[in-house]
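Undergrad: Based on the hints, put chain Y in the right spot on chain G.
First to last, the sequence lines map onto chains G and Y. Residue numbers for the first sequence follow the numbering used here, beginning at 132 and rising by one. Residue numbers for the second sequence follow the numbering used here, beginning at 53 and rising by one.
Hints listed in this document are in silico derivations from the structure and should not be mistaken for laboratory results. Every residue, glycine too, gets a C-beta built ideally from N, C-alpha and C. Worth double-checking, as some hints may not be accurate.
[To be verified] Far from chain Y, by Cβ distances over 10 Å, these chain G residues were calculated:
#1 L135
#2 L197
#3 H208
#4 H218
[What the hints assert, rightly or not] Straight-line C-alpha distance at most 25 Å; calculated BS3-like pairs for lysine-lysine:
#5 K241/G - K189/G
#6 K168/G - K132/Y
#7 K132/Y - K142/G
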Amino acid sequence: MPELISTIVAKYNYWIYITLMMIGLYAMIAKNNLVKKIVGMSIFQTAIILFYVSIGAKRGATIPILEHGHGSSHITHAVDYINPLPHVLMLTAIVVAVATLGVALALAVKVYNQYNTLEEDEILTQMREK
Amino acid sequence: MIWQLDLAILTLVVIAGIGAITVKDLLGAAILFGAYSFMMCLLWSIMGAVDVSFTEASVGAGASTVFFVAAVFRTTRRTKD
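The shape of chain G in the complex, shown without the other chains (with noise of 0.2 Å):
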C-alpha cells in the first residue's frame, strides 16, 4: 500500500493531465452552449500538448540553448539538456489548435446568424420544426 501511494504521488503531474483532459471531454460531450464546446476542446489540446512536454523534461539539465554554439567545434553532452524534440513537435501543435479554434469559433458564428441562438438544444428544436 505505502509503495502504491509513493507511485501516485511520484508521478502527480500525469494525473493532473488527465483530470485536464478529462475536463475538457466533459464539457465536449456534455456542455449545451456551442462556445463551451470549443472552450472544452482547447483544453482536451493543450492538456495533450503538456503530457508531450513533461516527457520531455529532465531533472537537472537545463534548457536547450547552446552556449558558445558558434566558434570552433565542440563536443556537447546531450543528459545536460532537457530533450528539444517534443517541444518542437508540441509547436506544431499549438499553430494547428489556433487554426482549428479560429474555423471552430467562425462557424458557431454563422449557426447563430441562422438560427439566432447558440444552445444546442434550441438549434435541434428549430431543425426538427422545418
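TA: The following block gives chain Y in isolation, referenced to the frame of chain G:
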C-alpha cells in the same frame, strides 16, 4: 524544475479550466480561458520549454482570447449552462 511551483501552478490551471467551463457568462469564460492559457505558458517555462512558452504566450493567451472575445461580441453573452 521546481516541483512546489509546478504543483501550485498545475492546481491553478485546473481551477481556471473548471471555471472556464462552469461560469454562466461567455465573456467571463473567454477571459478565464485566457488566464488558463497564461498559466499553461508559465508551466512550460518551468519545464524548460521556452520556445513553446513564448509561442503559447503570443498565440494561445493573445490570439485565442481575441478570437473568443470577437466571437462573443458578434454573437451573444447569454448561456444556459
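Undergrad: So, against the hints stated earlier in the document, which numbers end up violated here?
TA: 4, 5, 7
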